[in-house]
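Student: Start from chain D and add chain Y according to the hints.
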Amino acid sequence: MRWLIMAALFLPVSGNTAVGSGYAVVVSSESAIADMAPDKIRDIFLKRRNFEGGTRLIPVNLVGEDEPRREFEAAVLGMDREAINRYWISNHFQGVSPPTTQASLQSVKSFVENVDGAIGYVPLDMVDGNLRVIYEF
Amino acid sequence: MVVKMNKNSGCSRRFLTAVFAPWLTVGLATFSLAVCAQQDYQLGLGYSVNDMLTVGGYFSTEYAVGDDSEEFVVDDVAILAYGNLTENFSFLAELESVDFFRHDFETGSSESNVPPAIERLYGDYKFSDTYSVRFGKQITPIGYWNLQPINVLRETTSNPRFSREMYPKFLTGLDIYGYTPFDENTGYHLYFQGTEDLDDAYININIDRHLGLSLDRQLTCRWHAGVSMGRFDDLDNTATRYLALNTRLALGKLTLFMEGIRDLHESNSGLHEQSTAVYGQGEYRLTPQHALIVRGEYFNNELTGIRERIGILGYSFRPVFPVSFKVEHQWHSDSGDNLWLGSFSVLF
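Chains as they are written, first to last, in the working numbering: chain D, 1 to 137; chain Y, 1 to 348.
Extracted from the complex, chain Y is given alone in its bound form:
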């Protein structure tokens, strides 16, 4: 398995990005700035030109201080556009620059990565509530964390390792989804990928095949649960089967999340390894603007030999919901990785 956090390398599929992305970026950014000046614009909801086009975007900055590291990062800069082209057909396009600007205070060096990549590009056709199809590059419909992957929508700056290394964050392929015909409270996603990623710039695992099924159910008005299972093949010819469980419990000001996953890796060379990851998180909302967050993580990847426990205590302040200030402290089982992390992010 290749765990890829590639920033600059390209591949043949970057051609699409190289040709279209800069022009689309300039056009959408100019257009966004112009329309954001309009009086009926509401921060966090984008600007709706008409039913066929809404434009928006987000950015985030991070400041991290560890035992022997200190850096500032303009992490994500992204613009997105979506709309309904017909009654049943809609689209979404998102371009993002990850690590837009990075300054290392230890070495005094800076670097930037301006060219954007195609983060998402898909169409949706809704046949009915029980049967819809999404095709193109999209977020893999697994669990909670993966579906809200951007800084401003989360209550902590960091992601659990669970969401970064155990399954492909993105799917370039087909997702058939809806509510099951036999139970209106159970949703399903049946998803498939048969090619390489549309744009592999920021993907976490480079795969060329993925088949999976996710089910989720609202058990009570406060309690939600889901399960995902599937198999993906990475470009190193390692096949991974996974089973993931997720549950969320809302108790007034307190919301509890738990997600866990078990991976079984098999390679052509006869390698058989297992990985396990689980996290639990509690969010206590003191007021609509202020929240305290506690998270515990366990991560064990036999393939990479990484095994660790992480504890996180965080504080989130949102003067308004689309604007987020966060600070957290991470305790790692290897204390040399302990970290203070702060961020500022905006959805517009």
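Same shape as in the complex, but just chain D:
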């Protein structure tokens, strides 16, 4: 019985909020979006989908290959950098560009706060009253 309880404590939580390494997918606190399934976040960052509740979404990535971006790509997109590069190169031929990028996490936060429909990811400890967490990873 003790083993079962211990195991249960370490199991991931099901649903939209997963126990992760301390990052959050965020939108502006003024957004109407309350939460979002990880599959939909993935589709939005791959530009397979563009809308949520009538709002045109604008995904924003952290530039480069720093840890927050690598964590996001592994945990939410479920793709390594090689697969992501292949995906966007194939989409270049279809006229679809990768999401816009920002140079720092602070820039990502400001972008999400100030641009209608923006959706990004930041460490949980950067979340304040201007942002709404819609998914944790």
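Misleading hints may appear alongside valid ones.
[What the hints assert, rightly or not] Here are the computed lysine-lysine pairs in the DSSO-like style, where the Cα-Cα straight-line distance is at most 30 angstroms: (1) Y:K126 - Y:K169; (2) Y:K253 - D:K40; (3) Y:K253 - D:K47.
Think of the hints as simulated: they come from the structure by calculation, not from any bench.
Tutor: Showing chain Y alone in chain D's frame:
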């Protein structure tokens, strides 16, 4: 049905190309060369000037050796431009010269075909994820192969006959597309053409009417499938109805594809013929740079009387993904058509 692999002939619709294409080509090429020198350019993703304009292009060369043929071809030279003009409206323009340069080693003759044609020219308006509209000249949304038609994006130099002769590769008209409102995992395309092609230089079947529906669904994270059905009328007054199926299975390093189509042809003279084509392809990725490919094809066109089986074994090397070196050997049921084929292609 007219199966047209026209290189040089024109029609009234070439007027647009003749007037605009050379200037657009020179302008975009000059601009592309200038911006490619910028430090933030990444090969394979084009150069993004801003959200309203990204420019890029591609080219491919082929070398083929058969029993009684040997030739070198600079096959495709193309430039493309696209961007978002407003939040919901985007565009794409692509100009391409097919058979840009060809040298026949058997006869020692060379020829070139520099003037480009309008390969694609369309606008996209996205109303929602369930309802968007694409209008203009575009790739017909059928299956997998047709949507990735250029050399550098494929793992073999050759196309299956399936994709060359069984349905129109291009649509000049309207495509309403998105995810179905009743199932978010099912995508749809409802497409229509009511005129001749915007530029018939490189089209495979010359039509003036096409109506079709494609559905595709991600069945699991590894398994995808789709179906397309429709009808097109070619300029010889032959009507063709088609039903096509496609499926793709990703098993780690191994990816399997299969596509099949059945055509029913009817003409005013009372002709009733059928055509069937199917191919299966396996791609095994040894490393991110190296892959082995095996493909088997069956093709039977009662209209043209062509019936054959083709087997292909290929190797693909990509030092980086937008740069592709490929070699393949084709075994045809008529062994006189057996062929070695190599290519080099770049997407920029």
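Student: Hint by hint, say whether it matches the structure.
Tutor: How the hints compare with the structure:
The suggested pairing of K126 of chain Y with K169 of chain Y holds, with an alpha-carbon distance near 23 angstroms, which does not exceed 30 angstroms. For the hint linking K253 of chain Y to K40 of chain D, the alpha-carbon distance of about 26 angstroms falls within 30 angstroms, and the restraint holds. For the suggested pair K253 of chain Y and K47 of chain D, the alpha carbons sit about 25 angstroms apart, so the restraint of at most 30 angstroms is met.
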